[in-house]
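Chains H and A: place on chain U using the hints.
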Amino acid sequence: MLQLVLFNLFNGLIIGAFYVLTALGLSMILNLSNVINFAHGNFLALGGYLAYVLIPYIGFWPALVVSPLLTAVLGFVVERTMIRRIYGRDPIYSLLLTFGLAFMIQDGCRYIWGVNGLPLTTPASISQPLSQEFFFLTGYRLFVVGIVIVAVAALFAFLRYTRMGMRIRAGVLDLDTVSALGINVRLLRSLNFAFGIFLAGLAGVLAGGQIGLNPNMGDDLLLPSFVAIIVGGMGSLVGTLLGGLLIGVAAAITTIFYASASQAVIYVIMAVVLLARPRGLLGEEGLQ
Amino acid sequence: MSMLEVRNVSKHFGSLIAVREVSLTVAKGELRAIIGPNGAGKTTFFNLITGFFPPTAGEIIFDGQNVTTVSAADRVKRGMARTFQVTEVFPELSVRENVRIAAEVAAGYALRPWLGGAEVRDIASVVEETVAVTGLAGKANRLVGELAHGDQRAAEIAMALALRPRLLLLDEPTAGMGEQETFEIAGLIRKLHRDKSYTIILVEHDMRVVFHLADRISVLDQGALLADGTPEQIAANPAVQAAYLGKAA
Amino acid sequence: MSGMARAQTQAPAAERPLLILAGIWVVLIAAPFWMPLVGGYTSLASRILVIGLAAMSLNFLIGFTGVVSFGHAAYFGLGVYGAGMILRYIAPSTPLAVIAGILLGGIVGSAVGALICRRRGIYFALVTIAFQEVFYYIAYKWDSVTGGFDGLRGFQRQPIHFGLFTLDIQKNDLAFYYFVLAVFAIVVGFMGFVLRSPFGRTLLAVRENERRARFLGIPVDRHIWLAFTISSFCIGAAGALYALLNNFADPSSLYTDLSGELVIMCVLGGMRSFWGPLLGAAVFEVLQDYISSQTVNWLFFIGLIFVLVVMFFPRGLLGVFRRRSAA
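Chains as they are written, first to last, in my numbering: chain U, 116 to 403; chain H, 43 to 291; chain A, 25 to 351.
FYI, nobody ran anything at the bench for these hints, they're computed from the structure.
Cβ atoms here follow ideal geometry from the backbone N, Cα and C, with glycine treated the same way.
Label pairs and their in silico Cβ distance ranges:
no.	chain 1	residue 1	chain 2	residue 2	range
1	U	V260	A	R220	58 to 64 Å
2	H	G159	A	R246	25 to 31 Å
3	A	R40	H	G159	23 to 29 Å
4	U	I227	A	G145	34 to 40 Å
5	A	A138	H	R250	50 to 56 Å
6	A	G145	H	S44	39 to 45 Å
7	H	R163	U	D334	55 to 61 Å
8	U	V188	A	L332	19 to 25 Å
Just chain U, with the same shape it has in the complex (with noise of 0.2 Å):
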């Protein structure tokens, strides 16, 4: 039984560690460009198949950070090129701009590398289980959780205490008086969308060692997502990782006890959340 309760709750904390690097980097996005990327779980599978192309060439260590990076910076040129045309007009159109480029992504790898899943190769040294008795312990599951605790960390402290970091948290709060004060808002929000899409395209590599590659994957983690962002509250950061960890363990918690209602605890949630207090955990008092 203990087994049994450590395999969920485990198997949560990954799920979470998924939701939460997917979510945190809509969630910045969402922030401070006020657009809802539809396309978010196409580029994390782009990330993934990148490190797909590169491993044999560079091994999987490098192509760990080369991929989000190479994924980072697409994602720099949708927005220089696309997305920011359509800032402060209705949102219908980033909604609508975003969903298309989610098809155009997804098809175009099910064009490039086919509908069959693909595996991503994982270097032996973290594939093993550590323990007979805890089989579900493989180091490469604790190595997707120390990663983004490093990542979320190290996003965290770059936010904290760089002075882009700074001026990517006063946009959210005011983008006039930012840009008031000189600063190029227009280069900060491409800047910040980058750093977003970095972090799903590391996610995409990390989910491609786990559970291969196909041109869907992020689909699943998409919604949830969203649904952590809600239950975090809009504006909050640190809401939405709450949020994603939040989701992650209820769910994998109801696994124990209800399987088939796993992710029906998800809503569940997010239905609470906004009966009982609209604006999420954490949320913003103005932002609705």
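Positioned in the frame of chain U, the structure of chains H and A alone reads:
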């Protein structure tokens, strides 16, 4: 008989005191101007009167009733109408539709799926009269967003009039206007006051407009009421001169 | 084109909208006869009418109230399942199925609307997406009732008995088209009627300038909720017709992709125009048919259409005549 009586009203934002124990009384049919240097608390004071937020202390009596805790929307229903410093209109609708929406909401038809013949005629007559008074009759079918700045202002005033207010509050109606437009809006306000007997409170920067139009002037400085009197009294008041010259220097 | 010229071409045309309106109805009534001439067929006409009704219902919210729902397929899909489950489990009655679809979509939409009507802009859209996922999930998982992933099968639209005669919409495609057109007319007429009412004008006011609307004394949240509710009832009707059209209900009818497609139809046709979304639906459906017959990578090109419309054609086909078009 007074239309509006403000008694010792204060507004604090945290440790900042934006309005400090201001009292004033506006008589029926009066045109009162509120002036003061930048940051004197004029717009905050305006927002207190219209119910944008509640005062920290003090009372506001509108037409004999205490409205201190009444919401902005309910003050509109009781006969207060305002315009904004930044023009607030429905840009993609025509002038006539802008005014008509205001008239219908004021008449309590906001949830009505249809109107009877008499109701339609009543609304139409209010709309046409208001459009004519504000000098927009020739432009009634134009989209407000396509009009010149001065005409958009006039359209906004028309919407306020369509609410059939007993007190009209205008927040810097000539802000951002050129000479000609300022002259036209001042003429409109004068007409509303002299010919239509509206009670009007006006916050304004342009001193020519203020001294030309106002029956009485209240001067705010650093949130407090500095002086209150006829244009002649205010022009001769040494404290007012000091406040303005002091700021300008 | 200057604003002056535009205003002048519209102002005197009191009789013009009536003429256009008459033209639209003639085209719709005659569709089964001219469609074959351009390579179409009657059931395609029925399909466009149903999807067009869904897009017009959504546009009541996004085009005329200024609130973007990106999850309206939920209430469409509830209409589909509502009608399908009546026919499958309760009674072989087409009118009952349609009514059930309308009620299910509308009542659930109304409840969700009450929960979210205080939100604005992109945050409103985000919550609509999340709620849509809830209903998709239920349809997908509740195998024993909804048929799960495979969808709900085993029902058929039923002939309608009018006492003296029977309208056989089951076997006769032409009769079914006119049945769809009749329901379409009632729902569209209702929306047009609402938009021309004082209440409808308050919705335009909310769309144009929420702050101003609030200061006129319009309770904005309540009116957004009412618009969401009306829109959900109407799109529920479209969903019910969709169930009858296919004799089948499947989870994709309440999936995000359909919501996105409905929104692009509104924009493509012109969301400031009452009839724009119907035109958008027709163009999109035909394009989708054509592209998917030409390439297996049709999804890429559908995505491209989304991107191109947003970047180069944001006001849509009827954007030029965007005013004075409410039925």
